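Peer 1: Chain residues, written in single-letter form:
Number of protein chains: 2
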Amino acid sequence: MHDVAMFTPGPTHIPLAMRMASISRLTHHRSPEFTKLHDRIHSGLQSLFATGGRILMLPASGTGAMEAVVANVVEPDDTVLVLAAGKYGRRWAELCRTYRADVRLHEVPDGATFDAAAVERALRDARPRHLFLTHCETSTGAVHDVRTLAALGREYGATVVADTMTSIAVEPFHMDDWGVDFAVTASHKGLMSPPGAAFVAVGDQAWERVRPAQGYSYWNFHILRASALESTVPNTPPTTTLFAVGAALDAIEAEGLTQVWERHARSAAVCRAGVGALGLELFPRSAPSNALTAVRLPERVRTDGLVEELHHRFGFRVAGGQGGLKGRIVRVGHIGAVTPLQLMPVLTALEMLLLERGLDRRPGTASAAMAGELWDGLAPGRAA
Amino acid sequence: MHDVAMFTPGPTHIPLAMRMASISRLTHHRSPEFTKLHDRIHSGLQSLFATGGRILMLPASGTGAMEAVVANVVEPDDTVLVLAAGKYGRRWAELCRTYRADVRLHEVPDGATFDAAAVERALRDARPRHLFLTHCETSTGAVHDVRTLAALGREYGATVVADTMTSIAVEPFHMDDWGVDFAVTASHKGLMSPPGAAFVAVGDQAWERVRPAQGYSYWNFHILRASALESTVPNTPPTTTLFAVGAALDAIEAEGLTQVWERHARSAAVCRAGVGALGLELFPRSAPSNALTAVRLPERVRTDGLVEELHHRFGFRVAGGQGGLKGRIVRVGHIGAVTPLQLMPVLTALEMLLLERGLDRRPGTASAAMAGELWDGLAPGRAA
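Residue numbers (my numbering), protein chains in the order written: chain C, 956 to 1339; chain E, 956 to 1339.
This is chain C alone, in the form it adopts within the complex (with noise of 0.2 Å):
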């Protein structure tokens, strides 16, 4: 039996502090207690975002934060314009499809990102009240230029909504500086803590793009915004799994947030070392996320069952590729915890299995060409 290690771009590993803290007390979300660790995740969340707005915390996995900022901001025949590249970005096309908004779907082939001047003229063209993108699209592991494509939805007057799933507390990202309205995270990525707590962030000024209340619901902002005020959520909120967040956001601010991201920058750039070395190519076509290592599966050797060999031979999860993509990558990921050195072992493994399926290389090339850039990497003076 292997004690499974998580290199999965979300859920991620959970460290023990986080499971621990998750369990080791019980309250009652109307209770002093509780309202301070509301505090506690709102505060620590709007340093992650960098807004000054408000955190709403929803029972849900991150796909209902998506949903709930489409019910909150789309309105029947509202023009949106979605930026997709990957399968996160068409949720938010298929979200705003069913609550009815007039889509315009500007898309580009998986693993590429977009063109700045092509947004530009889908803007004008389509003049949306909404744009939707996405930063981390893990399902192909490119990251987007949220800073630029924001810039541009609000010189248009849009609303820009940005799913942050995979980039909070990962790569930097800076919620008012960049004029982004609605921005959503979940527990279960760079927050370290289990499934089940998303997290919404809602600029100050955005709050004029929120419908007007629409009855009880769910997912109705005004409802959750009330009670935000009041240190609290409407539902019974997943509390173990928020004790988990609160833990993390302490780790996180022990660690400081920019050597968070320089973290997670060291370990993409050694786990890119070693898939390179073993003459992989990576799928995203340009900027690589910080958050995983998505890797075209060679077609020169059998890869099928790959993933689950790495799960039950070397106790390693990893994921494989979503929809098109299933069969045709794996999909490294390094959020949270992780640390470059843990994915020389990952990396490794998945030599070995496809050495075993003909791989032509000698066994520790990939750990070899990772322990070179994490050593130019610490070096001072040398790029990392």
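Hints listed in this document are in silico derivations from the structure and should not be mistaken for laboratory results. Please note that a few of the clues may not be correct.
One copy or two, it doesn't matter: identical chains are merged, so the pair holds either way.
As a list, the in silico DMTMM-like pairs of lysine to aspartate or glutamate whose alpha-carbon atoms are at most 25 Å apart [what the hints assert, rightly or not]:
1. K1042 / E1311
2. K991 / D1331
3. K1042 / D1070
4. K991 / E1264
5. K991 / E1110
6. K1281 / E1185
7. K1281 / E1062
8. K1042 / E1030
9. K1042 / E1263
10. K1281 / D1032
11. K1281 / E1311
12. K1042 / D1259
13. K1281 / E988
14. K991 / E1254
15. K1281 / D1159
16. K991 / D1259
17. K1281 / D1131
18. K1042 / D1057
19. K1281 / E1075
20. K991 / E1236
21. K1281 / D1259
22. K1042 / E1163
23. K991 / E1263
24. K1042 / E1185
Remember, predicted model here, so these are calculated numbers, not experimental data.
Use these hints to put chain E onto chain C, whose structure you have.
Peer 2: Using the frame of chain C, we list chain E on its own:
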């Protein structure tokens, strides 16, 4: 510092076995381990709901599951009959209004139950497409006769939807035999687990009452069913919480569901005995639930801050009243892992506080009455 003991009617105490189960392993929801966990929970909940129907699992609080049912069965302008005798009954009406139903509210005072003849008249008048019920009205402590009410609804051709949040694994409930189409519960009630997972049981015949797919949505039962048929869920589930639910189902099966119901009945009887001996009245006018004992606060003594003081000085967390019942009742939960003997210190602490505030009783009155009730329950041949 007290290790807080939860005697609230949800969230409830989480035994160490369930807490440990929740954190002792990590898994991804696209994995054979998760398939196993899904199927274990699915069959376990089928037993608890007493249905051959399908169990849908949602990352949500109980209210999320309620909204999910409404979103999936209520079409605009559908006539719905809602039976309400407290906060949670009225919640069905609020949700149905949000989904633009023509809501007929059959309301009785908080704490009362329903007269079958009056309900039948309401059904005859309204001829509703759907009937919404509450099994245990957690805000008042009354249990409603779902068996009779569901049969009436069925007779008049209505879809029968029951909130069984606080009754599953607490009071007898027989979904298929009673003719209930949809029933909902959540992880943090009789399932003794952290909050964060909600469950909807859908009777086999009930699928014809589910609206055709309205597009991609977090609540969409068609999407949830397609995943359930493959032993998984569409969105990242609260896996740690589900491991706890799995452990809770093991514990419930080991004890025996009938024995679990009997234990709750004994706890309730013992708690009521203590309350009665203190000269206090139950809030429900009839049919007090076995999930919680709602006690009318005496008018003769000062009761402000009573719930908070019980927590600070004695470490017991009970609940006050909600909404209009705030300051008027105290609710002592005896759901899940609670045993009759564990209630003695709680009622004794409450007794101490009331004595200090001027209640005229001999110290030990509550516990003596509770011990007497326990004794009667233990003796074979005597009434429990």
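Peer 1: Are the hints correct? Go through all of them and say.
Peer 2: How the hints compare with the structure:
1. With identical chains, the CA atoms of K1042 and E1311 are never at most 25 Å apart, being 32 Å at best within one copy and 63 Å at best between copies.
2. Taking the shortest alpha-carbon separations for K991 and D1331, neither the intra-copy value of 43 Å nor the inter-copy value of 45 Å comes in at or below 25 Å.
3. Taking identical chains as interchangeable, the C-alpha atoms of K1042 and D1070 lie at most 25 Å apart only when both belong to the same chain, with a minimum of 19 Å there against 52 Å between chains.
4. Only between protomers do K991 and E1264 lie at most 25 Å apart by alpha-carbon distance; the minimum there is 18 Å, versus 44 Å within a single protomer.
5. Taking CA atoms no more than 25 Å apart as the test, K991 paired with E1110 passes in neither setting, with 39 Å inside one copy and 51 Å between copies.
6. With identical chains, the CA atoms of K1281 and E1185 are at most 25 Å apart between copies only, with a shortest distance of 17 Å across copies and 45 Å within one.
7. For the identical chains of this complex, K1281 and E1062 are intra-copy neighbours only, at 20 Å inside a copy versus 53 Å across copies, given an alpha-carbon limit of 25 Å.
8. Taking identical chains as interchangeable, the C-alpha atoms of K1042 and E1030 lie at most 25 Å apart only when both belong to the same chain, with a minimum of 23 Å there against 30 Å between chains.
9. With identical chains, the CA atoms of K1042 and E1263 are at most 25 Å apart within one copy only, with a shortest distance of 22 Å there and 48 Å across copies.
10. In this assembly of identical chains, the alpha carbons of K1281 and D1032 never lie at most 25 Å apart, being 34 Å within a copy and 43 Å across copies at closest.
11. For the homomeric pair K1281 and E1311, the shortest alpha-carbon distance inside one copy (22 Å) is at most 25 Å, but the shortest distance between copies (68 Å) is not.
12. In this assembly of identical chains, K1042 and D1259 lie within 25 Å of each other by CA distance solely inside one copy; the values are 22 Å within and 54 Å between copies.
13. Within a single copy, K1281 and E988 get their C-alpha atoms only as close as 45 Å, which misses the 25 Å cut-off; across copies the closest is 20 Å, which meets it.
14. Taking the shortest alpha-carbon separations for K991 and E1254, neither the intra-copy value of 54 Å nor the inter-copy value of 33 Å comes in at or below 25 Å.
15. When the C-alpha separation of K1281 and D1159 is checked against a cutoff of 25 Å, the pair qualifies neither within a copy, at 40 Å, nor between copies, at 33 Å.
16. In this homomeric assembly, K991 and D1259 come within 25 Å of each other (Cα to Cα) only across copies, at 22 Å, whereas the closest approach inside a single copy is 49 Å.
17. For a Cα distance limit of 25 Å, the shortest separation of K1281 from D1131 qualifies neither inside one copy, at 36 Å, nor across copies, at 40 Å.
18. Taking CA atoms no more than 25 Å apart as the test, K1042 paired with D1057 passes inside one copy only; the shortest distance there is 20 Å, against 38 Å between copies.
19. In this assembly of identical chains, K1281 and E1075 lie within 25 Å of each other by CA distance neither inside one copy nor across copies; the values are 32 Å within and 55 Å between.
20. Proximity of K991 to E1236 under the C-alpha cut-off of 25 Å is found in neither arrangement, the shortest distances being 47 Å within a copy and 35 Å between copies.
21. Taking the closest pair of Cα atoms, K1281 and D1259 come within 25 Å of each other only inside a single copy of the chain (10 Å); across copies the shortest separation is 61 Å, beyond that limit.
22. Within a single copy, K1042 and E1163 get their C-alpha atoms no closer than 29 Å, and across copies no closer than 31 Å, so neither meets the 25 Å cut-off.
23. Proximity of K991 to E1263 under the C-alpha cut-off of 25 Å is restricted to the inter-copy arrangement: shortest distance 16 Å between copies versus 42 Å within a copy.
24. Proximity of K1042 to E1185 under the C-alpha cut-off of 25 Å is restricted to the inter-copy arrangement: shortest distance 20 Å between copies versus 37 Å within a copy.
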